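For the record, the sequence lines run as chains H and Z.
The first sequence begins at 1 in the working numbering and counts up by one.
The second sequence begins at 1 in the working numbering and counts up by one.
Derived from the structure by calculation, the hints contain no laboratory data.
Among the clues, some could well be false.
Since the list can't tell identical chains apart, any single copy or any two copies may satisfy a pair.
[To be verified] The calculated lysine-lysine pairs, modelled on DSS-like cross-linking and capped at a C-alpha distance of 27 Å, are: (1) K121 - K321; (2) K149 - K128; (3) K169 - K135; (4) K128 - K9; (5) K159 - K149.
If you're wondering where the values come from, they're calculated on a predicted model, not measured in any experiment.
Protein chains: 2
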Amino acid sequence: MALKFEVLKTTGKTRRGKLYTKHGVVDTPAFMPVGTCGTVKAMMPESVASTGAQILLGNTYHLMLRPGADLVEKMGGLHKFMNWDKPILTDSGGFQVMSLTGLRKLTEEGVTFSSHVDGSKHFLSPEKSMEIQHKLDSNITMCLDECVKLPAPHDIVQKSMEMSMRWAKRSRAAFVDRDGYGIFGIQQGGNYRDLRQISADRLKEIGFDGYAIGGLAVGEGQEVMFEVLDYAPGMLPEDKPRYLMGVGRPDDIVGAVLRGVDMFDCVMPTRSGRTAQAFTRYGTVNVRNARHREDPRPLEEGCDCPLCRNYSRAYIHHLQKCNEVLAVMLLTWHNIRYYQRLMQGIRRSIEDDSLQEFAAGFYADQAKGDIEEV
Amino acid sequence: MALKFEVLKTTGKTRRGKLYTKHGVVDTPAFMPVGTCGTVKAMMPESVASTGAQILLGNTYHLMLRPGADLVEKMGGLHKFMNWDKPILTDSGGFQVMSLTGLRKLTEEGVTFSSHVDGSKHFLSPEKSMEIQHKLDSNITMCLDECVKLPAPHDIVQKSMEMSMRWAKRSRAAFVDRDGYGIFGIQQGGNYRDLRQISADRLKEIGFDGYAIGGLAVGEGQEVMFEVLDYAPGMLPEDKPRYLMGVGRPDDIVGAVLRGVDMFDCVMPTRSGRTAQAFTRYGTVNVRNARHREDPRPLEEGCDCPLCRNYSRAYIHHLQKCNEVLAVMLLTWHNIRYYQRLMQGIRRSIEDDSLQEFAAGFYADQAKGDIEEV
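Next comes chain H alone, as it looks inside the complex (with noise of 0.2 Å):
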């Protein structure tokens, strides 16, 4: 296969893994942060990688129309337009077309849209995404795919799992293989298991460098998306890594990983650095919040990113009062450095056998809530 994976070690359910990728290995359990249109936003990609983060997800959906996968390629790829040396993953466009999108129109071929920049006329089809992904030189392909938003009835899901099976074999077909380079099947079948098993067996059937778990974080809650991955890693190959598309907190994160999930990503850290929310050790902190005011004391004590080593919770709420560009930098930095700590935290614990007193310690710090008044 044309990405190595390896799994150091197992504990219960959990794995800690090595995947290995032309531009650099990524450690797991890892979380990725999103960079939609070719930037995590407010963020230097220096200051990204200095956070831990080893990988990126980039958006097709938005790349295809800004600035177009052509331009991109043209300027050497997507690492390169960028300026992220390191590994990117990227998605296939078809959640946002769904999502994001007016008159669409989904057929076997594929799903006709309007864009929502410009409402200009566009198609995408597994074929062209796989094209797509190839011109952004992304390491880590994904399928398209079709997702059902649940609570949903077993037929609609199946039908439309159906459908992205048959999509995941035509874009394997039309993946090109490359050394340090692979391709994601993505597992559909909402909160039937026995869709479950019969997506992951189609796509084992088919092969890929990796398995994602798709179809949660659509609405379902924390409880329904959790008896889902009860079961649904377990029907995916053991050697390969399996990634959960789209989530999630903190506490979505340490459950996942203890249900045996490699690979996550999610736009929580970088939208709540726009939206004043900062997660912590101890919950979240919405540093607009006039208790804040005059308080001398770091956002979380201990932290090392920039905006806890250097700055009072009083400054960082003054920015926000003040609609500063700078608060969202710093809050968008301490929230990815917030979720690599995590990572690291989980990645050591896994290799020290300390998993479960992790997450024990995780839940009873975030079930705290934010440290006292001054």
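Go by the hints and put chain Z onto chain H.
Relative to the frame of chain H, chain Z by itself:
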């Protein structure tokens, strides 16, 4: 005096100097980026320092409203609050009160105004401005003055200048002398030579650590400004720094340096970073222009800022089109670095006795315009 200024070399009217403050040395001629609300917009302070900037300007008006001088003082002063350990100069607040607020009432005592943020009533007098700047822990405090928009009749400018001189005396009296801190007087008089002379004489009688040339860059145009600068700096003491407030564009600065000015501040590089305008050796460039869409070249060949080192014009154009924060971050960085490279070039050329050649080369390059199409 509480601030030491050394003139290392003089060529024509131009001086190469060093200003010593409690927080470090400022090499002159110097350009001060503006950190309006306790942040240079869209820049980390360590990034600002990396451009070569040795001193920032803070706005008393903005900081007295948000977060308030008492809070900044409580947090250890502005340097600590905003994580900038180099020198800071603060303006008096007067200019912004006159330009940003409604419902002002100006008397001999001071000015009452309504905050542009929440409409709350505030009062600013020479004594109050000194108190606020002291609480901010500003290294260079500016006198409170009043300034008239040009053109204006002689009697109006004279009346205003005379009140400013009375305020200068009150400012000086209220200023608390400390080692490594100083206060600058501000010459007024519009474009009337006799009034500029009277103003300079009054200020010298009072005695300051430095002297600003105020009341320019207020709509009079470069020609009138240079006419005033042909005589105004020479009216001020030779052994003190001369600071031209609120100036300006690169060619304004070069022209003013040739006429004997040592210090500058302007929002131009930062504001332009937010409006897609870049300053380059070959003049200004609007990166939104479609001609950059597929241009693989750096914005400015030879510039060592992150934008020019790591990205293409195509990329910054793309970021701008997508309204990405990183566009503002990178362009602001480039512009501040451009201004600092300009000042470094000026300082080196004074040392090398090549200022005239430097200035001729500067004007010739600027006249060429942006480099040719690909």
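Here's how the hints hold up against the structure:
no.: 1; hint: K121 - K321; result: between (40 Å within a copy, 19 Å between copies)
no.: 2; hint: K149 - K128; result: within (24 Å within a copy, 61 Å between copies)
no.: 3; hint: K169 - K135; result: within (20 Å within a copy, 69 Å between copies)
no.: 4; hint: K128 - K9; result: neither (38 Å within a copy, 66 Å between copies)
no.: 5; hint: K159 - K149; result: within (13 Å within a copy, 72 Å between copies)
Consistency note: the structure conflicts with earlier hint 4 alone.
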